[in-house]
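Chains as they are written, first to last, in this note's numbering: chain A, 37 to 281; chain B, 19 to 181; chain C, 388 to 770.
Don't take each hint at face value.
[Unchecked claim] Okay, the calculated beta carbon distance ranges per label pair:
no. : chain 1 : residue 1 : chain 2 : residue 2 : range
1   : B       : 39        : C       : 465       : 37 to 45 Å
2   : B       : 47        : C       : 489       : 38 to 46 Å
3   : A       : 206       : B       : 160       : 15 to 23 Å
4   : A       : 278       : B       : 39        : 54 to 62 Å
5   : B       : 172       : A       : 74        : 42 to 50 Å
6   : B       : 96        : A       : 253       : 45 to 53 Å
7   : B       : 172       : A       : 251       : 40 to 48 Å
8   : B       : 164       : A       : 141       : 48 to 56 Å
9   : C       : 738       : B       : 34        : 20 to 28 Å
10  : B       : 20        : A       : 207       : 32 to 40 Å
11  : A       : 248       : B       : 172       : 33 to 41 Å
To be clear, the hints were calculated from the coordinates, so they are not data collected in a lab. C-beta: ideal position from N, C-alpha, C; glycine also.
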Amino acid sequence: MADKTRRDIIKAGLGGMLAVFIPKGLTAEESPDWFEHYWVYIIDINACIGCGACVRADKRENDVPPAFFRTWVERYQVTEDDHVYVDSPNGGKNGFVSVDNPAKDAKPTKGFFVPKLCNHCRHTPCAQVCPVNASYISPQGVVLVDKQRCIGCGYCVQACPYGSRYIDPRTHTADKCTWCFHRITKGLQPACVTVCPTGARKFGDLKEKGSEIRKILSTALTNVLKPELNTEPFCFYIGIDKAVR
Amino acid sequence: MVDPYLYIKRAMIIVVAIIIMGLGVRPFLIPASFGQYGEFRGDHLYEEQARDPIHQGSDVCAGCHDENAGAIADGGHAKVPCETCHFQPYAGDENHPNAHPEVTNAPDRSRDACAICHQYLFSRPEGFPRQEDMALHMENNGADPTDSEIGCIECHNPHSPGM
Amino acid sequence: MTYSEYLYPNDIHIFWSLMIVTYPFITGLVAGAFIASALYHVFGREEMKPVSRFALLVSLSFMLCVTLPLLVHLGHPERSFNIMITPHWHSAIAGFGFIYSFYLIVLILEILVSYREDIVHNYRFSGGGVQRMFWGVLALGVTDINEETRKADRKVINVLALLGIPAACTLHGYVGFLFGSLKSNPWWSTPLMPQVFLLSAILSGLALVILLYIWFSNKGILTRSFECLRSLCFFLWLSMLGYVISEGLEILFFFYESSDAWVVISTLLADWLWETFVIMQLGIGVVVSFVLLTIMIFIKENEALYTRLAIIASVTSIFEVWMMRWNVIIGGQLFSKSGVGFRAFNVEWLEKEGILMTIGLTLLPFLFLYILMKIFPPREAAH
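Take these sequences, add in the hints, and give me the full structure.
This is how it looks when you write it as structure tokens:
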């Protein structure tokens, strides 16, 4: 249909037209390993207890520089007159028990924890703005940074609406959550999922028929962060509140 | 009669020559695996995959350690993965777990280690076991709350805690 | 719904600092100076002839420094050519290498062709050796000068200037696109950004050319012409008008739409950018320059007074543009992506992207200009 083609081209924009000149590479059949899975992440707000085990595990697993976080946990406390207290001391790495509570003098009526990490968006602004193709969406839906190509301009850090990226002060390149790419490609779960005591973090393969992830996505009420930005995150949240930033 | 545009023509030849040189050199500077799976360096997928996992998952632990398996399966921590506690107190950092040094994998036995999950916090979900007043709880059970040596695990088995 | 202060944990420091402020400031001067020259070549403003060749030199000397702040900023400057080796076509930065190269070629060609007579003259009358070789290479071995070639050169210059205008505008408008297209940042995300950047670029470039023109015409290096100065100042007034309209519309739309963005921007303007945006940029920069430039339109006889006012208005215009760069780039990072937390910007004198480096890189083009003026004296050829 001519109409559809035209619409497709316009939707793809100038980049889509230029993409004609770019080598497309091998197809799925020729390299089955990288195309076998399509990952998705689900976070259940109702189950998160804010222990910070995920943040600690992530720091151990991925050697994250001390001041930065690939994943972190936010504490929300909302009062009756709709004032929201949010805090994430040291990314929630040491939990929330031994830290100051910003709402201790207020009387919150609603409270919950929100674990955050890279949303691995399908329509991601970070890979869109990377000038050298160092940031890209891998065939299995993971947004990765090639540290050998990255020039360290920081444009992707500016473009990410979720604050998931940082410039690693040791390598001077962009860095971020990889869903523990080195684990998930070996049949393991990401480190944060591996240590979560309450099952608040779930990870799975969208291509696997009858998987828990597919069941949740097809039955539970879920949302994504900042849906109005049309980034199409592949991190879904169950039980998320409008107060979440 | 000399061509009046000779100068700009020669200049343009130089410009075109530079562009052709650039285009000629470019293919040699593109990494070999670029474009293999899409618009990125294909080898990076292998590099990113190459790193060894640090956390092993409870199944690996269970492969050798069956001493607590029964207790864990019956108790309130049945679904808690081993490595949630057995990396406390944040000691696994520098040491590779495959070496499995006893000391670094030893869990934190203090009350704080339990409190990080079980102390009352307003934001914690209802129904989750939360201790609102640790001091009172200890006094009621005949323990001195000022003695920091007394851990929760004196009464509660961390592998199979009961109320 | 109100929030207590909260910043995402990764939003701890401002990553794009003074170098990224300096970069659009310098490209702006490049683009603006080129437009000043094109006004004579393309739009036939005869009165601006005394400044047209000189403006090209100004443009080139800043052009040579455009990449420096970026290279200082990059985590891996040695990989900078990756943007041309494996460019990602969806990224605004990927365009930089190509736009920059195209514009640099146009600019150098235009300067060479405008100075062709001088080059040939120097070649013929230079003593020999290295000097003669230098001029010979620049002349590309074409030493004929006659009416035919002069006419051809003028045509070539016009075509190059015509190509140069969109190239200069793209080089700078693209900087605006780079910021304006980021939906993650409410202070940047507006389609007015490219034109705000472009108009302020023309503004700063014209103002710089005015200052340098006054300086060098007093020294007798450039031909002194009141008409030329008046014309430059009139175009400065025009671009200021365009700039004020664009910037005003931007703020008005933010305010009137009153979307999520305004929550951040209102706090930003009231608390964090009050001095630098409202007082310095709008107050000192826009109001003072605009009032002076408007008054100057009515000063038709008193050249001394006019010149003095032109100096003040140019200085405040350049100040305005620098503050605008600051307020966009630093201002856009004073808040966390959470939209409910703010952070302060601190800068040191001696760090890699510090104040000293900024001053150095801003002054470096003037050294290039000095050298270029030694090689290509900007006065109209008279032999």
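Going down the list of hints, with the structure as the test:
1. B:39 to C:465: 37 to 45 Å: For residue 465 (chain C) against residue 39 (chain B), whose Cβ atoms are near 21 Å apart, the range 37 to 45 Å is violated.
2. B:47 to C:489: 38 to 46 Å: Since residue 47 (chain B) and residue 489 (chain C) have Cβ atoms about 20 Å apart, the given range 38 to 46 Å is violated.
3. A:206 to B:160: 15 to 23 Å: This hint is violated: roughly 52 Å between Cβ atoms.
4. A:278 to B:39: 54 to 62 Å: holds (58 Å)
5. B:172 to A:74: 42 to 50 Å: holds (48 Å)
6. B:96 to A:253: 45 to 53 Å: The hint (45 to 53 Å, Cβ to Cβ) is violated, given that residue 96 (chain B) and residue 253 (chain A) are roughly 26 Å apart.
7. B:172 to A:251: 40 to 48 Å: holds (41 Å)
8. B:164 to A:141: 48 to 56 Å: violated (27 Å)
9. C:738 to B:34: 20 to 28 Å: violated (43 Å)
10. B:20 to A:207: 32 to 40 Å: violated (58 Å)
11. A:248 to B:172: 33 to 41 Å: holds (37 Å)
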